[in-house]
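Residue strings, one per chain:
Number of protein chains: 2
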Amino acid sequence: MDIQHLQFADRFDGISGSAIREIFKLLAVPGMISFAGGNPAASALPDKACAEIARELLLDKGKTLLQYGATEGYAPLRESLVPYLKDRFSFDCAPDEILPVTGSTQAMDLLCKALINPGDKVVIENPTFLGNMQCIKLYQAQLVPVDSDEDGIRVDELEEVFKKEHPKMLYVIPTFQNPTGRTLSLERRKKIAALASRYGVVVAEDDPYRDLRYEGSELPSIKSFDHEGWVAFMGSFSKVISPGLRVGFLCANKTLLRKCTIGKQSSDVHTANLNQAIVDTYLRRDLLMPHVREICQSYANQMNTMLGLLAKCGGVARYTRPQGGLFIFAELEKGMDAVKLLQTCVDSGVAYVPGTYFYAAGGHENTFRLNFSMSTLEQIQRGMEKLNQIFTANKQ
Amino acid sequence: MDIQHLQFADRFDGISGSAIREIFKLLAVPGMISFAGGNPAASALPDKACAEIARELLLDKGKTLLQYGATEGYAPLRESLVPYLKDRFSFDCAPDEILPVTGSTQAMDLLCKALINPGDKVVIENPTFLGNMQCIKLYQAQLVPVDSDEDGIRVDELEEVFKKEHPKMLYVIPTFQNPTGRTLSLERRKKIAALASRYGVVVAEDDPYRDLRYEGSELPSIKSFDHEGWVAFMGSFSKVISPGLRVGFLCANKTLLRKCTIGKQSSDVHTANLNQAIVDTYLRRDLLMPHVREICQSYANQMNTMLGLLAKCGGVARYTRPQGGLFIFAELEKGMDAVKLLQTCVDSGVAYVPGTYFYAAGGHENTFRLNFSMSTLEQIQRGMEKLNQIFTANKQ
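Chains H and E, in that order, are what the protein sequence lines are. Each residue of the first sequence is one higher than the one before, starting from 0 at the first, in this note's numbering. Each residue of the second sequence is one higher than the one before, starting from 0 at the first, in this note's numbering.
Be aware that one or more of the hints could be misleading.
A pair counts as met if it fits within one copy or between any two copies, since identical chains are not told apart.
27 Å max Cα-Cα, derived BS3-like pairs, lysine-lysine [claimed, not checked]:
| # | residue 1 | residue 2 |
| --- | --- | --- |
| 1 | Lys311 | Lys333 |
| 2 | Lys136 | Lys163 |
| 3 | Lys253 | Lys339 |
| 4 | Lys136 | Lys253 |
| 5 | Lys62 | Lys394 |
| 6 | Lys60 | Lys394 |
| 7 | Lys47 | Lys62 |
| 8 | Lys162 | Lys190 |
| 9 | Lys85 | Lys190 |
| 10 | Lys60 | Lys24 |
| 11 | Lys189 | Lys120 |
| 12 | Lys60 | Lys162 |
| 13 | Lys136 | Lys120 |
| 14 | Lys47 | Lys60 |
| 15 | Lys24 | Lys62 |
| 16 | Lys333 | Lys394 |
| 17 | Lys253 | Lys24 |
Derived from the structure by calculation, the hints contain no laboratory data.
The task is simple: from the sequences and hints, build the whole structure.
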């Protein structure tokens, strides 16, 4: 039988490759100034430190690290995450309420695996991170978008949706959100924890950018206001140590975490031990926060430079002013189309991601996302100048 | 709302933790001789080599390895797998027909994700590897077990099942099968490739033990007889380099592989780059096969010692005589129960896995699986002597 007759599973209906991936292909041109990605700067990746740590770990306990590990995770890492979570995210958590995962994307996948039946409703911020939207869609959930404003997702709307739609889960990025860069206010954090437990909705709190704060004060996590276990917290070391190592973690109520652990058993058995041990070493030796402070210094400069230039950029109606993270979200003047203008920009050597892809139902063609972490100050200058020229020339 | 009211997804109905995991908990006793696991020997794990390779890789291209990688995999590894597959598994495959994955368990998961709707039928060998049975069950497929004999899965029965049941997939471990240690004959390999394409069934060929051959001649993979792309080949470096690194790969028809790649995007984005690069280095520098030959020497001794003692072991009616791999499968005399006897064995300091867990519908309580890779010759002597005493004392 011709393999063309092969039928794929229904979960792939309506799923294509990500539009963003297609954009990234456009960018493989030498000299391109890309504000499109969301990667850490090369200078933020601690290659030399990791080289020595990896060697030391393998010489010291290589027989353990190269052997099968427990699905539940590398025990020293689970232990060193406890004070880290208390210190950085303001919540108490025992080692057996923590599951190290293969990047926090896997935390999302495992939560969906544990909870979602086809047709279940999952509330998301509008706009939100494309990757996890796709993850939720592959579990054939129905996305219920709720708008956000300067203070993050609108909790008044959220309560209405919880009441009427009985969703299974809320997916939210509370700090320096992707793509908007906005941070959920303290009041709303408390309110979301309360609503979750009032209406029995699991909150998937995704907080990978938190440590990248350049100004303002830290806020406690939503999970720190959770008394009954409805908030599942997903953390990541991709933005502060290395995305290539693929280490994140999930903190959740034990019963839920047990289902996720059984799910993980047949996803990838366990997260690679060496990778978990490298992160553990960063935590144990207090290497993480000094490294983060270094990164933040240059990212702050990059962000502020970009914000300064955005203020003078033709055609830009408004933009967010994040206190940290990797992204700024901007809106062109009425009638302008960031999707259509992208090709012109790419031809002239600068790129961004049109905002439309981050909205569950599309639209918002006048919006776009800018990343500043991967460009030097000089690239930001030149790139923003190009955008200024093109947007000015295309004003309606 | 009390978190106890949380409803989990239907895919977890009837799924509990693995019974084998419960057994492993019994084994955490100092001095226990365990024939229960399936891990490589500690001496087979190249800790010193990996320490130097990891350091060198991170110093040399750490900025690339620590950055996000492509979901499609680390390009050098995809390239170095091409000649490896040709040489070791006798099939031609282009780099873009290969997807590096986070252990070959993830290959199984992605194939199911791409292909399986609830209620679809998946044919498995009876008995077979518990982990992947659970993976298939989590996709709510219906398992259709087909018996095996000394030459592997019975292809006469298989054709009947393909005709009548229209399964979506066949899962098969052709070489030194887990748990039986049996190898699928050349004729049956050819026949399975032909049947797959005649009836339009995807074959998930899982071949992690192949390189661990201690006698006899190698056989080409089922995939080497596949002309239309119905065979998906899952490979692993867990048994020959390290399970803790979590690196395997999937080779499949491009359309199928594309779906698996989209599925992987939201499973874990990509497999950790450093881990892929370590395996790539093993292949590129021809370190793999010399290392494998070393391992095989000691495993062959261990297997032959165990086989010799099994021949004299009271209560044992028959057992398989593998030419490689990690496992021997044995049958007690009628009326004896390997499940019930396990506690007595563990109390006396020796453990195995009852065979019943490897059968889709249970039963076969007189069977058990023995692993020899993790025990020294002396431990095998002592452990088999204990089994001999207990089995002899419990003969009916």
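Each hint tested on the structure:
{"no.": "1", "hint": "Lys311 with Lys333", "in the structure": "within (17 Å within a copy, 87 Å between copies)"}
{"no.": "2", "hint": "Lys136 with Lys163", "in the structure": "within (21 Å within a copy, 33 Å between copies)"}
{"no.": "3", "hint": "Lys253 with Lys339", "in the structure": "neither (48 Å within a copy, 31 Å between copies)"}
{"no.": "4", "hint": "Lys136 with Lys253", "in the structure": "both (26 Å within a copy, 23 Å between copies)"}
{"no.": "5", "hint": "Lys62 with Lys394", "in the structure": "neither (63 Å within a copy, 40 Å between copies)"}
{"no.": "6", "hint": "Lys60 with Lys394", "in the structure": "neither (62 Å within a copy, 44 Å between copies)"}
{"no.": "7", "hint": "Lys47 with Lys62", "in the structure": "both (23 Å within a copy, 9 Å between copies)"}
{"no.": "8", "hint": "Lys162 with Lys190", "in the structure": "within (14 Å within a copy, 58 Å between copies)"}
{"no.": "9", "hint": "Lys85 with Lys190", "in the structure": "within (21 Å within a copy, 59 Å between copies)"}
{"no.": "10", "hint": "Lys60 with Lys24", "in the structure": "between (41 Å within a copy, 22 Å between copies)"}
{"no.": "11", "hint": "Lys189 with Lys120", "in the structure": "within (22 Å within a copy, 47 Å between copies)"}
{"no.": "12", "hint": "Lys60 with Lys162", "in the structure": "neither (52 Å within a copy, 52 Å between copies)"}
{"no.": "13", "hint": "Lys136 with Lys120", "in the structure": "both (10 Å within a copy, 24 Å between copies)"}
{"no.": "14", "hint": "Lys47 with Lys60", "in the structure": "both (20 Å within a copy, 10 Å between copies)"}
{"no.": "15", "hint": "Lys24 with Lys62", "in the structure": "between (41 Å within a copy, 20 Å between copies)"}
{"no.": "16", "hint": "Lys333 with Lys394", "in the structure": "within (9 Å within a copy, 87 Å between copies)"}
{"no.": "17", "hint": "Lys253 with Lys24", "in the structure": "between (42 Å within a copy, 19 Å between copies)"}
Of the hints listed earlier, those the structure fails to meet are numbers 3, 5, 6, 12, in rising order.
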